[in-house]
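*Asks:* Could you build all of it, start to finish, from the sequences and the hints given here?
Take 1 as the starting number for the sequence shown in the numbering used here and just add one per residue.
Wrong hints could be hidden among the right ones.
As the list claims (entries may be wrong) - Straight line, CA to CA, 25 Å or less: simulated SDA-like cross-link-like pairs of lysine to any residue:
| hint | residue 1 | residue 2 |
| --- | --- | --- |
| 1 | K54 | H93 |
| 2 | K54 | L114 |
| 3 | K171 | G30 |
| 4 | K215 | D183 |
| 5 | K46 | S9 |
| 6 | K54 | P66 |
| 7 | K171 | D183 |
| 8 | K171 | N143 |
| 9 | K73 | H93 |
| 10 | K54 | Q24 |
| 11 | K46 | L84 |
| 12 | K73 | R131 |
| 13 | K171 | L84 |
| 14 | K73 | E59 |
| 15 | K215 | G30 |
| 16 | K215 | K46 |
| 17 | K73 | L209 |
| 18 | K73 | E210 |
| 19 | K203 | H93 |
| 20 | K171 | I182 |
| 21 | K203 | G216 |
| 22 | K73 | E108 |
| 23 | K171 | I80 |
| 24 | K171 | K73 |
| 25 | K73 | S57 |
| 26 | K73 | T211 |
| 27 | K54 | T35 |
| 28 | K203 | G69 |
| 29 | K215 | S128 |
| 30 | K73 | R28 |
| 31 | K215 | F77 |
| 32 | K203 | L114 |
| 33 | K73 | E158 |
The set of hints was computed from the structure by calculation and includes no laboratory data.
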Amino acid sequence: METRAPLESLSDAIYGVLRADIMQCRLRPGATIDTNELTERFNVSKTPLRDALKRLSIEGLVDILPRSGYRVKPITFRVIHEILDLRAALGPHAAFMAARYITPAELEELRAILGDYLPASGQGELQSAARRFHVAVARASRNARIAALTDSCFEELERVMRLTVDFSPRKDEDSRDHILLIDALTEGDGETAAEIERSHIAKARAFLLETLIVKGHFSDSEISDLGRTRAI
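*Replies:* Right, here's the structure in full:
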């Protein structure tokens, strides 16, 4: 007699697959989720699938539509700003604290990651190396929550990068920023490290938002609505 996996295990497995599909844009932002197709795909009943989708909705990756089912949460101008605001708050502080605590082994790790970043060609390789670099700096701050939030920011931004933005034109400038940051961390200069990271994040933010706006991914009303909210 075949033993069925517990519903919790099925839900966890479905959640993991769907989350990866969303983050890697195999399920695109705004796409309707066909639950009938997914029950066939995973060979499960609706119960573990609903549990998995509920978890994804709590994470802000799926919208539950009343009487209409589910959809992948769209990427909005407000969401991008919120992620970038968090990144701008975390990065400089992480760099400042890392200058105090970073070890020689961690500095070597940063240099090794930079060695991967310099010859990277595809957007996926560049984004992966940048994420590893900044998460490693955050880990060196000795604040596990800052490291986890930094990783989460990069993970959420990855969906945007895969869809719309090629950061390769900024590769040389970003590399120079990374080298300067490593130098400041090596010297234990927290103020300089924080300022380098603050400037680096601001430039990346401006490039990302300008590219998204120029490519028409956000409406004028969406942009102006957020501007009015921030002015209050």
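*Asks:* Between K171 and I80, does the CA-CA distance stay at or below 25 Å?
*Replies:* Distance ~21 Å between K171 and I80 Cα, so the pair holds.
*Asks:* Holds or violated: K73 and E59, Cα atoms, limit 25 Å.
*Replies:* holds (10 Å)
*Asks:* Holds or violated: are the alpha carbons of K54 and L114 at most 25 Å from each other?
*Replies:* Roughly 38 Å separates the two Cα atoms, so the pair is violated.
*Asks:* Taking only the CA atoms, is the gap from K73 to S57 under or equal to 25 Å?
*Replies:* holds (8 Å)
*Asks:* Within a Cα-Cα threshold of 25 Å, do K171 and I182 meet the stated pairing?
*Replies:* Status holds; Cα separation ~16 Å.
*Asks:* Hey, K73 versus E210, does the alpha-carbon distance stay inside 25 Å?
*Replies:* holds (22 Å)
*Asks:* Check the hint pairing K73 with H93 against an upper bound of 25 Å on the C-alpha distance.
*Replies:* Between K73 and H93 the Cα gap is close to 30 Å, so the pair fails against 25 Å, i.e. violated.
*Asks:* Would the pair K73 and R28 pass a check requiring their Cα atoms to be no farther apart than 25 Å?
*Replies:* Holds. K73 to R28 sits at ~9 Å (cutoff 25 Å).
*Asks:* Hinted pair, alpha-carbon criterion (25 Å max): K171, K73. Please report holds or violated.
*Replies:* violated (30 Å)
*Asks:* Does F77 lie within 25 Å of K215 when you go C-alpha to C-alpha?
*Replies:* holds (13 Å)
*Asks:* Just to be careful, I want the Cα atoms of K203 and L114 compared with a cutoff of 25 Å; is the pair within it?
*Replies:* holds (19 Å)
*Asks:* Would you mind confirming whether the straight-line C-alpha gap from K171 to G30 stays at or under 25 Å?
*Replies:* The hint is violated at about 30 Å.
The structure is inconsistent with the numbered hints 1, 2, 3, 4, 8, 9, 11, 16, 22, 24 and 28, although it conforms to all the rest.
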